[in-house]
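Listed in order, the protein sequences are those of chains H and E. Residues in the first sequence are numbered from 0 upward in steps of one, following numbering that gives the first Met the number 0. Residues in the second sequence are numbered from 0 upward in steps of one, following numbering that gives the first Met the number 0.
Note that these hints are calculated values from the structure, not bench results. Errors might be hidden in some of the hints.
[As the list claims (entries may be wrong)] Cβ-to-Cβ under 7 Å is the rule here; a few derived chain H residues that face chain E:
| # | residue |
| --- | --- |
| 1 | Ala90 |
| 2 | Arg91 |
| 3 | Glu322 |
| 4 | Ala446 |
| 5 | Arg448 |
| 6 | Glu452 |
| 7 | Leu490 |
[What the hints assert, rightly or not] Across the chosen pairs, the derived CB separations fall in these ranges:
| # | chain 1 | residue 1 | chain 2 | residue 2 | range |
| --- | --- | --- | --- | --- | --- |
| 8 | E | Arg157 | H | Val415 | 57 to 63 Å |
| 9 | H | Ala327 | E | Ala75 | 37 to 43 Å |
| 10 | E | Gln86 | H | Arg363 | 53 to 59 Å |
Ideal placement from N, C-alpha and C gives every residue a C-beta, glycine not left out.
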Amino acid sequence: MLGSVDSCVLAGLQVRPIHVEADIGAGEVKFSVVGLATTMVKEARERVKSAIRNSGLEFPGRSLTVNLAPAELRKSGSGLDLPIAVAIALARAHRPAPERTAFLGELSLDGAVRHVDGVLVAARGLRDLGYERVFVPVEDAAEAALVDGLEVIPCASLLSTVQHLLGAEAITPATHGALPAHAPGDVLDHDLREVHGQEEAKRALEVAAAGGHHLLMTGPPGAGKTMLARCLPGILPPLELAEALEVAQVRSLLGDLAPGRPLDWARPFRAPHHGVSMAGLIGGGTGLALPGEISRATHGVLFLDELAEFQAPVLQALRQPLESGWVAITRSGGSVRYPASFTLVAATNPCPCGWSGDGIRTCRCTPAAVDTYQRRLSGPLLDRIDLQVAVRRLGLEQLSSEPQGEPSSTVRQRVVLARRRQLARQGCLNAQLKPARLRRLAGLAPACRLTLERWAVNRGMTARGYHRAWRVALTSADLDGSDEIQEHHVLEALGFRLQDAAA
Amino acid sequence: MAVVGSRRPSPYGEAVAEQLALELARAGVIVVSGLALGIDAAAHRGALNGGGVTVAVMGTGIDVIYPSAHTVLAEAILAAGGALVSQFPDGTTPRRHNFPARNYTMASLSDVVVVVEAAEGSGALITAEAALDLHKEVMAVPGSVFSPLSVGTHSLLRDGAGLVQNARDVLAALDLGGEVLDDPLAPPKGLGFELRRERDGILSHLSDVLALNAAEVARKLQLPVAEVLGRLTALELEGAVKRHQGGYVRALRRGKERA
Numbered sequence: 000m001l002g003s004v005d006s007c008v009l010a011g012l013q014v015r016p017i018h019v020e021a022d023i024g025a026g027e028v029k030f031s032v033v034g035l036a037t038t039m040v041k042e043a044r045e046r047v048k049s050a051i052r053n054s055g056l057e058f059p060g061r062s063l064t065v066n067l068a069p070a071e072l073r074k075s076g077s078g079l080d081l082p083i084a085v086a087i088a089l090a091r092a093h094r095p096a097p098e099r100t101a102f103l104g105e106l107s108l109d110g111a112v113r114h115v116d117g118v119l120v121a122a123r124g125l126r127d128l129g130y131e132r133v134f135v136p137v138e139d140a141a142e143a144a145l146v147d148g149l150e151v152i153p154c155a156s157l158l159s160t161v162q163h164l165l166g167a168e169a170i171t172p173a174t175h176g177a178l179p180a181h182a183p184g185d186v187l188d189h190d191l192r193e194v195h196g197q198e199e200a201k202r203a204l205e206v207a208a209a210g211g212h213h214l215l216m217t218g219p220p221g222a223g224k225t226m227l228a229r230c231l232p233g234i235l236p237p238l239e240l241a242e243a244l245e246v247a248q249v250r251s252l253l254g255d256l257a258p259g260r261p262l263d264w265a266r267p268f269r270a271p272h273h274g275v276s277m278a279g280l281i282g283g284g285t286g287l288a289l290p291g292e293i294s295r296a297t298h299g300v301l302f303l304d305e306l307a308e309f310q311a312p313v314l315q316a317l318r319q320p321l322e323s324g325w326v327a328i329t330r331s332g333g334s335v336r337y338p339a340s341f342t343l344v345a346a347t348n349p350c351p352c353g354w355s356g357d358g359i360r361t362c363r364c365t366p367a368a369v370d371t372y373q374r375r376l377s378g379p380l381l382d383r384i385d386l387q388v389a390v391r392r393l394g395l396e397q398l399s400s401e402p403q404g405e406p407s408s409t410v411r412q413r414v415v416l417a418r419r420r421q422l423a424r425q426g427c428l429n430a431q432l433k434p435a436r437l438r439r440l441a442g443l444a445p446a447c448r449l450t451l452e453r454w455a456v457n458r459g460m461t462a463r464g465y466h467r468a469w470r471v472a473l474t475s476a477d478l479d480g481s482d483e484i485q486e487h488h489v490l491e492a493l494g495f496r497l498q499d500a501a502a
Numbered sequence: 000m001a002v003v004g005s006r007r008p009s010p011y012g013e014a015v016a017e018q019l020a021l022e023l024a025r026a027g028v029i030v031v032s033g034l035a036l037g038i039d040a041a042a043h044r045g046a047l048n049g050g051g052v053t054v055a056v057m058g059t060g061i062d063v064i065y066p067s068a069h070t071v072l073a074e075a076i077l078a079a080g081g082a083l084v085s086q087f088p089d090g091t092t093p094r095r096h097n098f099p100a101r102n103y104t105m106a107s108l109s110d111v112v113v114v115v116e117a118a119e120g121s122g123a124l125i126t127a128e129a130a131l132d133l134h135k136e137v138m139a140v141p142g143s144v145f146s147p148l149s150v151g152t153h154s155l156l157r158d159g160a161g162l163v164q165n166a167r168d169v170l171a172a173l174d175l176g177g178e179v180l181d182d183p184l185a186p187p188k189g190l191g192f193e194l195r196r197e198r199d200g201i202l203s204h205l206s207d208v209l210a211l212n213a214a215e216v217a218r219k220l221q222l223p224v225a226e227v228l229g230r231l232t233a234l235e236l237e238g239a240v241k242r243h244q245g246g247y248v249r250a251l252r253r254g255k256e257r258a
């Protein structure tokens with residue numbers, strides 16, 4: 000007696016279809032799983048056996064072989080429990096494999112179907128592979144139902160699933176399209192209105208938000224760098240559907256989606272501690288790498304506080320994703336590729352004690368120590384940061400007399416308009432514009448070019464820096480609603496290049 | 000003459016030290032300083048630019064240039080006929096407790112010690128005290144009352160140190176006044192600085208000593224911060240303002256040479 004169903008395993012965001020076959024033969028009582036299964040999958044035997052028995056179904060008292068095809072692909076994860084059990088049940092019932100249908104779910108010993116990570120990723124991948132129906136754990140059904148063109152059958156227990164398949168008792172498919180309404184984000188946790196003063200840094204945030212530029216804030220402790228950084232998601236437009244799905248996919252892989260509300264329109268904000276490991280930040284793990292903080296921050300903000308305290312190799316590893324917007328990680332189990340298209344906001348003290356340049360407390364660091372500290376922020380990384388701004392600490396009495404800022408919602412309106420201009424003109428944000436397209440789309444008037452060149456000569460700005468300043472100038476023009484880059488746009492862009500000012 | 004002061008001066012202090020050393024070197028005065036960062040380096044540089052002789056009194060062995068970034072400066076001092084002087088054995092590395100002794104030597108090698116910008120407890124004040132012990136003349140350059148770097152110099156002035164407003168004040172203390180009063184190079188008043196003519200109203204809101212950032216200037220002028228940042232950058236490109244401590248200060252530039 001042979002039964003079979005389809006399932007899949009995940010390699011990062013890629014879906015590999017698996018054909019699960021169960022054969023009940025004559026011979027001594029045994030239960031073996033073949034097909035390059037990892038320990039986690041081999042343990043499925045015990046769960047499947049108990050689940051079948053405790054569901055009131057009969058476990059075959061004869062030789063039972065389960066094959067996971069293709070045989071050369073390593074399979075891990077507990078999502079194969081349900082397909083194995085269903086294949087056995089279909090073998091006993093002499094039923095053919097349901098067509099263009101896949102199963103995914105972990106079993107508990109009592110036969111309940113439990114959550115597995117990555118259901119959204121699996122559902123999208125299966126849909127793209129031509130599947131029409133998926134059976135998923137009931138608590139992951141909302142996640143799978145985000146994918147259109149796919150019927151989602153929520154499975155509460157093995158018994159109900161099998162009865163549905165045998166036509167005894169139908170399960171109602173999960174309704175698709177239950178997308179939560181766009182929350183306009185009127186109530187923000189961090190609103191620019193609450194930040195007194197710091198207009199220069201706020202302007203830098205606005206430019207960063209509008210053009211997708213990376214930003215570094217330098218200033219003493221307590222100057223409000225963290226507060227400012229947390230305001231950035233609030234001045235970004237809400238996620239587009241495709242972006243939200245990509246964010247949800249990464250979170251799905253990590254089992255981090257809110258139950259019942261899988262899709263979130265808010266921009267991610269990730270703030271890993273400076274002790275974070277390479278695997279934690281970039282992604283990693285054994286076998287196949289899981290996404291790291293940079294992928295969780297995709298389409299949102301990655302905030303690195305105390306930038307100089309991060310391990311140098313970890314910062315070095317940021318360079319490639321900063322340029323390309325994705326990251327490829329190779330581990331023993333293979334290579335995976337994750338999105339990593341984030342806006343980097345970094346903050347650092349100006350010196351080890353933090354008080355250099357503070358008007359209120361004096362710095363006690365030796366000039367050599369300050370030098371070493373600043374050199375730890377590697378040149379190549381700083382060269383990829385478009386905007387740098389010094390944040391100054393205000394005394395308490397000054398703080399209360401400083402004017403309140405504009406609310407985030409007002410700033411966001413300008414950001415949205417500027418982004419719309421960019422997308423209409425070039426289909427991407429200014430920060431992602433390649434030099435050749437930049438030259439073609441946003442030519443510089445001679446006066447502007449001269450200013451940039453003078454700065455480059457005086458300050459030793461690199462060619463990369465030159466193009467970065469040009470892009471920021473373009474964003475400044477977009478915020479102005481100006482079709483041409485004017486000299487004051489270029490000058491503003493250069494005003495945010497503190498890295499060159501040391502000459 | 001010894002010129003001493005903060006290792007982290009304001010652009011004002013740096014400009015004063017450099018200009019003072021330049022004019023005095025031109026008048027034939029030997030400028031003594033300590034080869035340290037900040038005021039010391041500015042004084043050596045000024046003396047060299049003035050075509051004069053300058054002496055660096057080191058707190059390390061004669062073969063240890065500290066900070067190492069000043070190797071080029073030390074070579075320039077020697078090339079111009081100046082001297083590197085050290086009382087410590089070869090190979091002595093920078094040690095905190097050696098510097099007061101060095102300061103004493105600096106004072107003893109000079110007839111006048113001029114302090115430019117010294118915060119409370121600054122090493123420059125040790126030099127000034129040593130000079131008093133040795134019955135040498137101590138003089139100080141006043142600074143902004145808002146700046147912590149003026150605390151040391153102003154307390155010296157209150158205690159009777161000579162006021163330095165220009166090179167001639169120092170020359171008078173050195174009893175060289177008569178010669179130089181006829182010097183057509185000597186500016187009539189103050190140091191030979193020329194403030195850039197106002198074109199856009201931003202400069203008058205900036206100080207020589209205390210840094211203001213674009214946001215603070217923008218508020219005074221009631222202008223958008225983006226515009227002010229751009230205009231400050233334009234002034235920076237022209238050399239009229241300088242970045243300092245997370246903000247901007249007015250850059251002091253020497254006036255036209257009248258030779």
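Right, here's what the structure says about each hint:
1. Ala90: Result: violated, 71 Å to nearest chain E Cβ.
2. Arg91: 73 Å, violated
3. Glu322: This interface hint is violated because 26 Å lies over the 7 Å limit.
4. Ala446: 11 Å, violated
5. Arg448: Because about 14 Å separates Arg448(H) from the closest Cβ in chain E, which is outside the 7 Å limit, the hint is violated.
6. Glu452: Constraint on Glu452(H) not satisfied, violated at 11 Å.
7. Leu490: 4 Å, holds
8. Arg157(E) to Val415(H): 57 to 63 Å: 60 Å, holds
9. Ala327(H) to Ala75(E): 37 to 43 Å: 51 Å, violated
10. Gln86(E) to Arg363(H): 53 to 59 Å: 28 Å, violated
In terms of the numbered hints stated before, the structure departs from hints 1, 2, 3, 4, 5, 6, 9 and 10, listed from lowest to highest.
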